[in-house]
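Heads up: the protein sequence lines correspond to chains A and B, in order. Here the first sequence stands for residues 835 to 988, numbered as in my numbering. Here the second sequence stands for residues 546 to 605, numbered as in my numbering.
The set of hints was computed from the structure by calculation and includes no laboratory data. Don't take every hint at face value.
No more than 35 Å apart at the CA atoms, straight line, and that leaves these computed lysine-lysine pairs for DSBU-like [to be verified]:
#, chain 1, residue 1, chain 2, residue 2
1, A, K984, A, K844
2, B, K591, A, K978
3, A, K978, A, K849
4, A, K984, B, K591
5, A, K891, A, K849
6, A, K844, A, K914
Which stretches of chain A does chain B cover? Using the computed rule of at least three CB atoms under 8 Å from a CB of chain B, they are [claimed, not checked]:
#, segment
7, 847-857
8, 921-935
9, 967-980
Sample of chain A residues with no beta-carbon within 10 Å of chain B, all distances over it, derived [to be verified]:
#, residue
10, M835
11, N842
12, K844
13, D867
14, A874
15, E887
16, N909
17, Y912
18, L917
19, E944
20, L945
21, V951
22, V952
23, F957
24, A983
25, N985
In this text, a Cβ means the ideal position worked out from N, Cα and C, and glycines have one as well.
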Amino acid sequence: MFRTIIYNGKEYRFKASGATKILYKRLFGVSPDDYFMDRAEVMNDPITRKNAEIVQKNGGKGEEADKAALELMKNPEYVKTTLSFYDFAQQYAYITYLEANFEPLKINEELTVDKFVVWLMNFDESFFRENATNFQKLYQTNIKPEVEAKNAGA
Amino acid sequence: VTDRPRTVALYHLRTLQIGLSWTDLFYMREGEILDMVREMENDHAKYDELATQEDFDNFG
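Let the hints inform the model, and build the full structure from the sequences given.
If you want it as structure tokens, here you go:
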């Protein structure tokens, strides 16, 4: 599962796999699923969900969208998960970059916070904000199962 | 088969139970691995009713 992003004239390849979740936890101490679980909980609130839909529908433009965005900003949990999304994007980008560019058995050597920080210096902050949904899609495509569970929890 | 919360450790354990190597994981999607885990769990699924040979014969 690959995704290629061109930035400053350079091509960056990212690859998600069955190992991504384990590598991510190994370096960052949390599962990449945690962000989406927290976000799902925040979006369970019908008012938050409705405001988010209004903002999304209008592309964040117009008076109605402004009002809805303001309401969202009053919800600390919404703000927290929105900021976490950019952390997720940076972290997921690094792990999937390693997977696309290093041999599986060499990746462990790159799993240090120092190397992660040095790698981040290749980009400015807007790169991750602008491409956050790219990494979200990579994540979602990677984890999507097709087989249904029979007698789940039996 | 379990109701335990899905953690990374449990995911890793299931990959080992299936018999996947560390390198195998890099060449598969997580979704494919989850499919295999589900199929392993589905081996133990209980059905209220099972088709008999007579049912199959009646298909014709």
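Here is how each hint holds up against the structure:
The straight-line distance between the Cα atoms of K984 (chain A) and K844 (chain A) is roughly 47 Å, outside the 35 Å bound, and the hint therefore fails. Under the criterion of a C-alpha separation no larger than 35 Å, the hint pairing K591 (chain B) with K978 (chain A) is consistent with the structure, at around 25 Å. Restraint check: the Cα-Cα separation between K978 (chain A) and K849 (chain A) comes to about 15 Å, which is no more than 35 Å; the hinted pair holds. This hinted pair checks out: K984 (chain A) and K591 (chain B) have alpha carbons roughly 8 Å apart, not beyond 35 Å.
Only pairs whose Cα atoms come within 35 Å are accepted, and K891 (chain A) paired with K849 (chain A) is accepted, the gap being roughly 31 Å. Under the criterion of a C-alpha separation no larger than 35 Å, the hint pairing K844 (chain A) with K914 (chain A) is consistent with the structure, at around 32 Å. Counting residues of the segment 847-857 of chain A whose CB falls under 8 Å from any CB of chain B gives 7; the rule of at least 3 is met. Counting residues of the segment 921-935 of chain A whose beta-carbon sits less than 8 Å from any beta-carbon of chain B gives 1, not enough to reach three: the coverage restraint is violated.
Counting residues of the segment 967-980 of chain A whose beta-carbon sits less than 8 Å from any beta-carbon of chain B gives 6, enough to reach three: the coverage restraint holds. For M835 (chain A), the condition that its CB be more than 10 Å from all CB atoms of chain B is violated, with the nearest at approximately 6 Å. Once the 10 Å rule is applied to beta carbons, N842 (chain A) is consistent with being away from chain B; the minimum gap is 28 Å. No beta-carbon of chain B comes within 10 Å of the beta-carbon of K844 (chain A); the shortest separation is about 24 Å.
With a least CB separation of 7 Å from chain B, D867 (chain A) falls inside the 10 Å interface cut-off, contrary to its annotation. Even its closest Cβ contact with chain B, about 14 Å, leaves A874 (chain A) beyond 10 Å, as expected for a residue assigned away from the interface. With a least beta-carbon separation of about 27 Å from chain B, E887 (chain A) lies farther than 10 Å from that chain, consistent with its non-interface assignment. Taking the minimum C-beta to C-beta distance to chain B, about 26 Å, the non-interface status of N909 (chain A) holds against the 10 Å cut.
The claim that Y912 (chain A) lies off the interface holds: its Cβ sits roughly 24 Å from the closest Cβ of chain B, which is beyond the 10 Å cut-off. Even its closest Cβ contact with chain B, about 23 Å, leaves L917 (chain A) beyond 10 Å, as expected for a residue assigned away from the interface. Every C-beta of chain B lies more than 10 Å from that of E944 (chain A), the closest at about 14 Å, which supports listing it as non-interface. The non-interface label for L945 (chain A) is consistent with chain B: the shortest C-beta to C-beta separation is roughly 13 Å, beyond 10 Å.
Chain B leaves V951 (chain A) outside its interface by the beta-carbon criterion, the shortest separation being 23 Å against a cut-off of 10 Å. Distance check for V952 (chain A) against chain B: the nearest CB is about 23 Å away, which clears 10 Å, and the non-interface claim stands. Every CB of chain B lies more than 10 Å from the CB of F957 (chain A), the least distance being 24 Å, so the non-interface label holds. At roughly 5 Å from the closest C-beta of chain B, the C-beta of A983 (chain A) falls inside 10 Å, breaking its exclusion from the interface.
The non-interface label for N985 (chain A) is inconsistent with chain B: the shortest C-beta to C-beta separation is roughly 5 Å, within 10 Å.
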